[in-house]
Structures are given as structure tokens and as C-alpha cells.
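For the record, in the sequence shown the residue sitting at position 211 is 356 according to this note's numbering, with numbers rising by one throughout.
Keep in mind that the hints are not guaranteed to be accurate.
[As the list claims (entries may be wrong)] Restraint ranges, calculated between C-beta atoms of paired labels, are given here: (1) F214 - L148: 18 to 26 Å; (2) K551 - T346: 34 to 42 Å; (3) T507 - K412: 13 to 21 Å; (4) N503 - E276: 21 to 29 Å; (5) G274 - F428: 29 to 37 Å; (6) G274 - N474: 33 to 41 Å.
[Said to hold, decoys possible] Under the rule of at most 27 Å between Cα atoms (straight-line distance), these lysine-lysine pairs were calculated in the DSS-like manner: (7) K151 - K331; (8) K470 - K347; (9) K374 - K470; (10) K347 - K147; (11) K551 - K470; (12) K353 - K415; (13) K151 - K415; (14) K416 - K549.
Hints in this document: simulated from the structure, not taken from any laboratory. All residues carry an ideal CB built from backbone N, CA and C; glycine is no exception.
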Amino acid sequence: MKLSYKHTMYACFTGYICQAVVSNLPALLFVIFQNQFAISLESITLLITIGFCIQIIVDILAARVVDIFGYRVSVIVANLCCTAGLISISYLPFHISPFLGLLIGISLNSIGGGFIEVVVSPIVEALPGEEKASNMGILHSFYCWGYMGVVLLSTLFFATIGTDHWRLLPLIWSVVPFFNMLLFTKVPINTLVEKEDQISTKKILSLKTFWILFVLMICAGAAEQAMSKWSSLFAEIGLGASKTVGDLLGPCTFAFLMGLTRLVYSKWGKKYDIRNLIILSGFLCIISYLMVSLSPIPFMSLIGCAMTGLSIGILWPATISLSAKTYPNGGNTMFGLLALGGDIGCTVGPSLVGLTSNIIITSNSVNIQRFFTGEDITQSALKFGLFMAIIFPIIIIISIQLLKNKKTPLSNEL
């Protein structure tokens with residue numbers, strides 16, 4: 146059977162599911178790691194930090210690696226790393242130092258997930274056809290479906306089989322990147338831009354418009370993860386739910402609405418100016434964050450949390466599509482830098498919420514509790530932290546307005 150570009154698209158969709166698996170499955174197992182291997186919270190934090198640093202390094206180096214080895218080799222190795230990482234998490238902690246075993250597994254996951262993030266978008270962008278923005282929206286929706294699948298199926302696994310058999314879970318999930326690796330050996334892959342036609346890294350970094358797009362990616366990642374990382378806690382607070390129910394109502398609702406928005410964008414987004422859609426999303430994001438942080442009714446805060454998934458859904462794929470449209474010859478370098486910006490934002494957003502919340506908790510401010518209602522100072526502080534995250538959609542709106550106000554055609558920058 147001869148595989149077509151349709152199968153290439155399916156492989157890319159599965160690639161984003163793989164990224165969701167390797168990015169989120171270890172987090173569901175951290176409590177088990179602490180209990181079974183006596184790994185401290187400090188060591189768990191170190192694992193997360195090292196994994197993030199590796200992904201940042203991959204973002205920086207990926208463009209050069211792809212230029213040397215090509216898309217096919219890069220994406221095959223990425224899926225291989227994801228497969229090996231999941232198997233390592235299941236096997237190595239029982240045969241070498243548990244911390245070292247987990248570090249190896251999470252590091253391989255970060256390498257694989259990082260390369261998938263950088264490589265898959267240009268592969269989709271290079272596919273024949275005119276529906277570039279639509280394809281990008283569908284592609285990025287699969288991260289949401291993958292994330293939901295990880296949470297739902299893993300929760301079902303623990304409820305039916307039990308946490309004592311957690312080792313089976315990474316092994317089961319490793320089947321996905323393994324078969325996707327085999328699929329990528331067969332599907333046709335186009336080159337987005339020939340190496341000699343690509344804009345150089347030095348030139349891209351000298352373009353003012355690119356830096357606006359880079360800031361957009363940072364703020365898109367920050368606005369998404371600032372809420373995503375805290376959505377489970379809000380579900381627990383809002384409904385008095387258990388941790389399991391909180392995970393299902395918070396992150397899953399958030400991911401579902403985010404994925405739904407991306408599907409809607411993929412179908413009808415081409416009818417509208419991408420820049421106007423991003424501005425609309427920015428305003429809706431502000432409203433959502435205000436609902437979460439200022440509403441005295443816990444259930445309304447939960448609705449605001451879910452609405453945030455709706456509002457930020459298109460920001461990441463729309464910014465990538467806008468960048469590809471602005472700089473058609475940006476190539477691997479541009480996609481790598483955009484991924485770097487997004488990953489920086491994914492850290493900056495939750496960090497801002499956490500740091501500002503901690504400051505309020507430490508100061509025990511009565512005035513904050515008047516404006517940001519909660520059962521205790523911790524809840525009020527978290528609402529204040531999420532209120533501060535409004536800065537990200539505000540910057541997004543300002544950035545798009547700067548792009549719209551540019552009198553010089555973007556092509557004249559090159």
C-alpha cells in the first residue's frame with residue numbers, strides 16, 4: 146500500500162498526541178515516585194527543571210539538526226526518544242538509582258517532545274494545498290485530545306487496576322510513539338524551504354516584526370499554562386471535589402474547550418483575518434481571567450477557568466500560521482525560535498502566578514482578601530496571582546495592533 150500525504154497528516158496528528166503523553170504522564174506519577182522510591186519533592190522539582198532545560202536546548206539546536214539530517218530522520222528519532230523515555234520510566238528505577246532512572250526517562254521524553262514540537266509544524270506547513278491555517282489548527286487540537294486521553298485513561302487505569310501496577314502505564318503509552326515512528330518511515334514528506342533559500346538566523350533575529358511574533362508566542366504559552374497548571378486546584382476549590390474529580394473537571398474541561406476552539410478555527414478561521422481573531426481571543430482571555438480572579442462565587446470562577454481554554458485555543462497555532470505567512474522562507478530556524486518562545490511562556494506564566502501568590506501569602510494582606518475573595522489567604526492569593534496573568538493577553542492585543550499599524554510592508558524587512 147502506497148501511503149499519501151493524508152497519512153503524513155495523520156502521523157503528524159499522532160506526533161502531537163505523543164508530545165502530550167510524554168509531557169503530562171510523568172506528572173501524574175510524581176506522587177507514586179515519592180511514595181515508592183522515597184524521592185523528595187526537591188528531587189521531583191529538579192527532574193521537572195532539568196526536563197524543561199533540555200527542551201529549551203532542543204528548541205535552540207533543532208533547526209540546525211533538521212538542516213543536517215532532514216525532517217524524516219529528525220521526526221523518527223524524536224518518536225524513538227519518546228518510546229525509549231516511557232520504557233525507561235517503567236524499567237530503569239527498579240534496576241539503577243531510582244532518581245537516575247527517572248532522570249534518563251524524562252530527559253529522553255524532553256528530547257523527543259522538543260523535536261516533535263519543532264519539526265511537526267513545518268512538515269504540516271509543507272503539505273500540498275492551500276488550507277495551511279486550517280491544518281495548523283487541527284494539528285494543535287490533537288495536543289488537547291492527547292492531554293485529555295492521558296488524564297482520562299490514566300485515571301481509569303488507576304481506578305480499575307490500581308496504582309501498584311503503575312509500571313504498565315508508561316509501557317502501554319509507549320506503543321503510540323513506537324508505531325508512529327514506523328509510520329514516519331513510510332509517509333511522504335516535503336521540505337518546507339530549501340536550506341539555501343531559508344532566512345539566516347542572524348537575519349531573522351534582526352527583523353523587528355519577528356520579535357513581535359516571538360513575544361506573541363511567549364504570551365500565548367504563558368496565558369495558556371498560567372491557567373492550565375492551576376485549573377485542577379480551582380475545580381477542587383469551586384466544587385469541593387476530590388483531587389481525581391478536580392483533575393477531570395479542571396484540566397479536562399480546559400483541554401476540551403481549547404481543542405474544540407482549534408477545530409472550529411481550522412474549519413472557519415480562513416474566512417477571517419488571523420490578526421483580528423487573535424485580538425478577539427485576547428479580549429475573551431481577559432474576561433475569563435477576570436471571572437476567575439474577581440468572582441465571589443466559586444462556581445463562576447470555575448466557568449471562567451473553562452472559558453480560558455476557549456479563549457486561548459487559537460493563540461498558539463494562529464501565531465505560527467501568521468509567522469509562516471509573514472516569512473514564508475523562515476524555515477526550520479523560525480519554527481525552532483517560535484517553539485523556544487512558546488516554551489519560555491509555558492514556564493513564565495505559571496511561575497508568575499506562583500510567585501505573586503506566594504508574596505501575598507507571606508504578607509498575609511487583608512486588603513487583597515477584600516478584593517479577591519476566598520475561604521482563606523491561600524485561595525485569595527491564588528486569585529490575585531491569576532489576576533496578574535492578565536498582562537499576557539494585554540500584551541498580545543498590543544502586539545497585534547503594532548503589526549496592524551506597520552506602514553512598511555513586512556516583505557520589505559527582508
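Outcome of the hint check:
1. Judged by the Cβ atoms, the range 18 to 26 Å given for F214 and L148 holds: they are separated by roughly 21 Å.
2. Judged by the Cβ atoms, the range 34 to 42 Å given for K551 and T346 is violated: they are separated by roughly 22 Å.
3. A beta carbon spacing of about 48 Å between T507 and K412 contradicts the range 13 to 21 Å that was offered as a hint.
4. Taken as a hint, the range 21 to 29 Å is violated for the pair N503 and E276, whose Cβ atoms sit roughly 45 Å apart.
5. A hinted range of 29 to 37 Å holds for the C-beta pair G274 and F428, which are about 31 Å apart.
6. A hinted range of 33 to 41 Å for the beta carbons of G274 and N474 is inconsistent with their spacing of about 19 Å.
7. Among the hinted pairs, K151 with K331 is consistent with the structure: their alpha-carbon atoms are about 12 Å apart, no more than 27 Å.
8. Distance restraint check for K470 and K347: the Cα-Cα separation of roughly 20 Å lies within the 27 Å cut-off, and the hinted pair is therefore satisfied.
9. Restraint check for K374 and K470: the C-alpha separation of about 31 Å exceeds 27 Å, so the hint is violated.
10. Among the hinted pairs, K347 with K147 is inconsistent with the structure: their alpha-carbon atoms are about 41 Å apart, more than 27 Å.
11. Of the supplied pair hints, the one linking K551 and K470 holds, its CA atoms being roughly 16 Å apart against a limit of 27 Å.
12. In summary, the hint linking K353 to K415 is supported, as the alpha carbons are separated by about 26 Å, within the 27 Å threshold.
13. Restraint check for K151 and K415: the C-alpha separation of about 20 Å stays at or below 27 Å, so the hint holds.
14. With a C-alpha separation of about 18 Å, the suggested pairing of K416 with K549 holds against the 27 Å cut-off.
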